[in-house]
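Engineer: Produce the complete structure using the sequences and hints provided.
Residue numbers (UniProt numbering), protein chains in the order written: chain A, 1 to 296; chain B, 1 to 308.
Do not rely on the hints blindly, as some may be mistaken.
On the chain B side, residues computed to face chain A include the following (Cβ under 8 Å) [stated by the list, open to error]:
(1) 47
(2) 51
(3) 96
(4) 100
(5) 103
(6) 120
(7) 122
(8) 165
(9) 166
(10) 169
(11) 179
(12) 187
(13) 288
(14) 293
(15) 294
In silico DSBU-like pairs for lysine-lysine, Cα to Cα no more than 35 Å straight-line [to be verified]:
(16) B:170 with A:34
(17) B:136 with A:34
(18) B:136 with A:4
If you're looking for bench data, these hints aren't it; they were derived computationally from the structure. None of these values were measured; they are calculated from a predicted model. Cβ atoms here follow ideal geometry from the backbone N, Cα and C, with glycine treated the same way.
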Amino acid sequence: MNAKPTLRDRWVALAYLVPALVVFGVFIFWPLVKSIQLSVQGTDILGNPSGFVGFVNYSRLFSDPDFLQVLWVTFAFTVLTVIPSIAIALLIALLLQSRIRGVRFFRTAFALPFAFSVATASVIFGVLFNPASGVLNGLLSYIGVDKVQWLTNPDLALWSVSGATVWMQIGYNLLVLSAGLGALPDDILEAARLDGASGLRLQRSIVMPLLTPQLFFLVVVGTIHALQSFGQIKILTVGGPEGRTTTLVYSIYEQAFANNNSNYGYASAQAMVLLVVVLIITALQFGVLERKVFYR
Amino acid sequence: MKRPDTNTESVGTSGTSVDSVTSVDGGRRRGGRTGSRRGGGNLVTYLILGVLFLVVLFPVYYGLVGSFMGERDTNSFPPALWPQNGIYPENYSNALGIIPLGSQYLTSVLQTLGITAGQMVTSALAAYAFVFLSLKWRAFWFGVFLSTMMIPYESIIIPNYLLISQWGLKDTIAGLVLPFLATGFGTFLLRQSFLSFPMELRDAARVDGAGHLRFLFSILLPLSRPSLAALGIWSALSAWNMYFWPLLATEDPRNQTIQIGISQLQSSDSDSPGMVLAGVMLALFPTLLLVIFGQRFIVRGLTAGAVK
Chain A
1 MNAKPTLRDR
11 WVALAYLVPA
21 LVVFGVFIFW
31 PLVKSIQLSV
41 QGTDILGNPS
51 GFVGFVNYSR
61 LFSDPDFLQV
71 LWVTFAFTVL
81 TVIPSIAIAL
91 LIALLLQSRI
101 RGVRFFRTAF
111 ALPFAFSVAT
121 ASVIFGVLFN
131 PASGVLNGLL
141 SYIGVDKVQW
151 LTNPDLALWS
161 VSGATVWMQI
171 GYNLLVLSAG
181 LGALPDDILE
191 AARLDGASGL
201 RLQRSIVMPL
211 LTPQLFFLVV
221 VGTIHALQSF
231 GQIKILTVGG
241 PEGRTTTLVY
251 SIYEQAFANN
261 NSNYGYASAQ
271 AMVLLVVVLI
281 ITALQFGVLE
291 RKVFYR
Chain B
1 MKRPDTNTES
11 VGTSGTSVDS
21 VTSVDGGRRR
31 GGRTGSRRGG
41 GNLVTYLILG
51 VLFLVVLFPV
61 YYGLVGSFMG
71 ERDTNSFPPA
81 LWPQNGIYPE
91 NYSNALGIIP
101 LGSQYLTSVL
111 QTLGITAGQM
121 VTSALAAYAF
131 VFLSLKWRAF
141 WFGVFLSTMM
151 IPYESIIIPN
161 YLLISQWGLK
171 DTIAGLVLPF
181 LATGFGTFLL
191 RQSFLSFPME
201 LRDAARVDGA
211 GHLRFLFSIL
221 LPLSRPSLAA
231 LGIWSALSAW
241 NMYFWPLLAT
251 EDPRNQTIQI
261 GISQLQSSDS
271 DSPGMVLAGV
281 MLALFPTLLL
291 VIFGQRFIVR
301 GLTAGAVK
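Structural biologist: Below is the structure:
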């Protein structure tokens with residue numbers, strides 16, 4: 001079987017890649033080229049490209065106060081969702097490591113949020129957040145708090161949407177962290193216990209360092225995921241109030257598709273911002289940060 | 001990972017490498033009561049877990065129970081936390097009646113089956129080439145597949161929309177399925193599994209006269225069932241749960257997917273939360289089954305983007 005591959009062998013091999021390559025070519029790489037192209041084009045009122053305009057869309061982006069707000073909202077949303085969702089999942093994962101009865105039940109129960117789509121979860125949260133008859137305000141009324149406008153108060157809406165998003169992320173984060181904890185080497189843990197480490201000390205000095213690959217993975221994946229968020233904003237707040245929940249992807253949607261706007265050029269410039277940010281984060285992960293993470 | 005976005009169309013968006021996570025069968029089984037240390041510690045553990053349990057599971061609970069509650073319960077203030085004025089299974093039939101949830105369900109099923117089957121086939125073929133065939137410029141093609149996982153789908157969604165419209169595929173199953181028929185994530189997941197296939201077995205099959213396709217489909221894939229199942233579950237989860245693309249690719253309510261349907265149920269009739277929640281439960285049912293019974297396979301695919 002180690003005969004030198006013939007030319008025919010090489011073509012056969014390539015043929016096996018072709019189905020996937022065609023899909024990638026038509027629906028990823030070609031659209032990527034088109035996106036770049038659209039981003040340097042103007043757009044007429046019918047949504048057709050109206051010719052090369054250079055970097056006008058891009059220079060407009062960074063002088064547009066609305067877009068600067070979009071960047072800020074996206075950043076705030078990312079911080080408000082990634083860190084809490086990892087922290088809560090970590091707490092649950094560590095607690096599920098303890099030797100108590102019913103761990104299997106808890107494990108399955110806590111993974112349930114993972115089954116929810118962005119639409120199913122958002123619709124449920126929409127019902128819970130309802131200011132007039134929602135359960136959240138109902139529960140608060142028992143302790144004498146007045147009705148809260150969860151999704152229409154400009155200072156609160158982003159927090160509410162972020163809270164719902166944290167909930168959507170917990171299931172996935174928990175699965176990753178539990179898998180990581182399950183793979184920890186028993187001998188190291190035993191050795192640490194014999195040396196008298198226990199409880200918090202054991203968690204902080206032994207378990208956490210061993211878990212850094214998973215935590216790092218979750219920060220990167222979670223950040224990219226947060227940057228791509230769309231459904232919960234569309235369903236819960238449609239970007240409002242006053243654009244205070246308009247994240248980058250929602251802004252792309254708004255410019256290109258909402259109200260028949262068809263600002264494909266301007267929207268594509270924003271899409272390129274998204275692409276560049278995600279690529280930078282991916283590069284950071286591969287290059288710089290990964291070396292500083294503790295790997296066994 | 002994303003994943004299947006979890007979430008959405010972006011399963012395994014990033015090519016990430018956490019190799020130590022991959023070899024897990026879903027959490028450890030600890031020896032029963034060998035370590036029943038201080039009972040006080042356990043009590044605190046139960047207490048915190050219990051509180052977290054209530055908070056995290058409440059939306060699940062309310063979604064389910066609320067879907068059987070009538071307006072007298074859901075629209076009073078403060079609203080009831082369990083059915084106090086009778087149970088309303090007709091929420092479900094109302095949800096099915098008010099928008100074409102039935103045909104939307106069918107659309108979602110067809111979309112999910114199409115994407116899942118397509119991804120399994122294209123991924124299996126590509127992974128086979130990467131592992132078993134003498135591919136020229138292997139590293140280059142590898143990079144091409146990897147790069148597809150780094151491009152956020154939202155950044156190329158406008159040209160895709162224009163393309164599908166131009167081809168007249170809006171409001172069709174083809175328009176929902178075609179863009180997602182291949183995945184770098186799936187290819188790497190299967191590649192990882194193929195790599196551990198014993199070469200002697202493969203050589204034996206070749207000596208017995210099995211061609212590439214024959215070997216792939218009647219020997220390799222049946223023996224790679226766990227990885228194939230992991231890919232299938234991830235593909236199905238992300239396809240079923242997609243939101244952004246189906247929102248753009250369909251206009252006629254009859255051709256929309258269930259995910260779009262329930263989100264419009266909410267805006268169309270917010271006076272009846274019970275009915276809205278019934279729609280949610282219908283949309284949730286298949287993925288709930290997958291997560292409860294397929295957790296083992298889901299864990300297997302968690303970090304399969306991991307490329308060494």
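Engineer: Hint by hint, say whether it matches the structure.
Structural biologist: Here's how the hints hold up against the structure:
The criterion of a C-beta within 8 Å of any C-beta in chain A is not met by residue 47 (chain B), whose closest approach is roughly 10 Å, and the hint is violated. Against a cut-off of 8 Å between C-beta atoms, the interface hint on residue 51 (chain B) is violated, since the closest Cβ of chain A lies about 11 Å away. Annotation: interface hint on residue 96 (chain B) violated; nearest CB of chain A at approximately 16 Å, more than 8 Å. The restraint placing residue 100 (chain B) at the interface with chain A is violated, with a minimum CB-CB distance near 17 Å, outside the 8 Å limit.
Look at residue 103 (chain B): its Cβ only gets to about 17 Å from chain A, farther than 8 Å, so that hint breaks. Against a cut-off of 8 Å between C-beta atoms, the interface hint on residue 120 (chain B) is violated, since the closest Cβ of chain A lies about 12 Å away. Contact between residue 122 (chain B) and chain A, as hinted, is supported at the beta carbon level, the nearest pair being about 4 Å apart and thus within 8 Å. Taking 8 Å as the C-beta cut-off, the interface hint given for residue 165 (chain B) is violated, the closest approach to chain A being about 10 Å.
The criterion of a C-beta within 8 Å of any C-beta in chain A is not met by residue 166 (chain B), whose closest approach is roughly 11 Å, and the hint is violated. Annotation: interface hint on residue 169 (chain B) violated; nearest CB of chain A at approximately 12 Å, more than 8 Å. Checking residue 179 (chain B) against chain A: minimum C-beta separation of about 4 Å stays under 8 Å; hint holds. Because the smallest distance between the Cβ of residue 187 (chain B) and any Cβ of chain A comes to about 7 Å, under 8 Å, the interface hint for this residue holds.
Against a cut-off of 8 Å between C-beta atoms, the interface hint on residue 288 (chain B) holds, since the closest Cβ of chain A lies about 5 Å away. A hinted interface residue such as residue 293 (chain B) counts as satisfied when its beta carbon comes closer than 8 Å to some beta carbon of chain A; here the least separation is about 10 Å, so the hint is violated. Restraint check, residue 294 (chain B) versus chain A: the minimum CB separation of about 10 Å is more than 8 Å; hint violated. Proposed proximity of residue 170 (chain B) and residue 34 (chain A) is supported: the alpha carbons are some 19 Å apart, at most 35 Å.
The hinted pair formed by residue 136 (chain B) and residue 34 (chain A) meets the criterion: a straight-line CA distance of about 29 Å does not exceed 35 Å. As the CA atoms of residue 136 (chain B) and residue 4 (chain A) are separated by approximately 12 Å, the hinted pair is consistent with the 35 Å bound.
Checked against the numbered hints above, the structure violates hints 1, 2, 3, 4, 5, 6, 8, 9, 10, 14 and 15; every other hint is satisfied.
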